[in-house]
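**Student:** One-letter residues, chain by chain:
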Amino acid sequence: DAGVIQSPRHEVTEMGQEVTLRCKPISGHDYLFWYRQTMMRGLELLIYFNNNVPIDDSGMPEDRFSAKMPNASFSTLKIQPSEPRDSAVYFCASSLSGRLPYEQYFGPGTRLTVT
Amino acid sequence: DQQVKQNSPSLSVQEGRISILNCDYTNSMFDYFLWYKKYPAEGPTFLISISSIKDKNEDGRFTVFLNKSAKHLSLHIVPSQPGDSAVYFCAASARREYGNKLVFGAGTILRVKS
Numbered sequence: 113d114a115g116v117i118q119s120p121r122h123e124v125t126e127m128g129q130e131v132t133l134r135c136k137p138i139s140g141h142d143y144l145f146w147y148r149q150t151m152m153r154g155l156e157l158l159i160y161f162n163n164n165v166p167i168d169d170s171g172m173p174e175d176r177f178s179a180k181m182p183n184a185s186f187s188t189l190k191i192q193p194s195e196p197r198d199s200a201v202y203f204c205a206s207s208l209s210g211r212l213p214y215e216q217y218f219g220p221g222t223r224l225t226v227t
Numbered sequence: 070d071q072q073v074k075q076n077s078p079s080l081s082v083q084e085g086r087i088s089i090l091n092c093d094y095t096n097s098m099f100d101y102f103l104w105y106k107k108y109p110a111e112g113p114t115f116l117i118s119i120s121s122i123k124d125k126n127e128d129g130r131f132t133v134f135l136n137k138s139a140k141h142l143s144l145h146i147v148p149s150q151p152g153d154s155a156v157y158f159c160a161a162s163a164r165r166e167y168g169n170k171l172v173f174g175a176g177t178i179l180r181v182k183s
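In the order they appear, the protein sequences are chains A and B.
Just so you know, the first sequence maps onto residues 113 to 227 in this note's numbering.
Just so you know, the second sequence maps onto residues 70 to 183 in this note's numbering.
Any given hint could be a false lead.
Unchecked claim - SDA-like cross-link-like pairs, simulated, lysine to any residue; straight-line CA separation at most 20 Å: (1) B/K106 <-> A/V201; (2) A/K180 <-> A/T132; (3) B/K106 <-> A/K180; (4) B/K106 <-> A/T132; (5) B/K123 <-> B/F134; (6) B/K123 <-> B/H145.
Bear in mind the hints are in silico, worked out from the structure with no lab data behind them.
Quantities reported herein were computed from a predicted structural model and do not represent experimental measurements.
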């Protein structure tokens, strides 16, 4: 299996621009998670989906952030407008319900730099 | 409020010695704990886990210990190898409260010197 696929791997954009990050989860997995990693806060959960439905978006920083999962094999995280403080590595992860140890499989991440 | 805390940002250990990474949690509903390892430019990968009904789980060089009364867990790596140099994240799950959601600590950077 290919694992979780994220694109792009690196994104550099100017403040105010829209940024879209993409994720393809492992086939058959019914949970999808978006995380952000920063030096100050470590690994933060932004939002997660179960069977394409958003379950908990309490970690989304503000209205500039939105996430969608139109089908079981694709999800996007959008930032509009982007700001320099959004610079971080964004990870997507997927997992299969009912399977211990609730292991989540992570993609390689997207390093976002907003100038 | 951080529910999972890794108070040591970094740890340096000599090759062949023991590495001990610590993690504290505050939510008594957590019933499953995991450790993830992360290399630069890669996503975190699952390393080892432990259920709250156990106090120890061992997998090769890696052992996780859980002290529920102290709300503390630790990861022991014996013997440490240079390839173990990575960021280690502690994570916790409370299935009744959070479903499949994991709460992660901030991570500890481990450097194993040869």
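**Student:** Each hint should be assessed against the structure and marked as holding or not.
**Tutor:** Outcome of the hint check:
1. B/K106 <-> A/V201: 16 Å, holds
2. A/K180 <-> A/T132: 11 Å, holds
3. B/K106 <-> A/K180: 28 Å, violated
4. B/K106 <-> A/T132: 27 Å, violated
5. B/K123 <-> B/F134: 9 Å, holds
6. B/K123 <-> B/H145: Judged against 20 Å, a Cα distance of about 16 Å means the pair holds.
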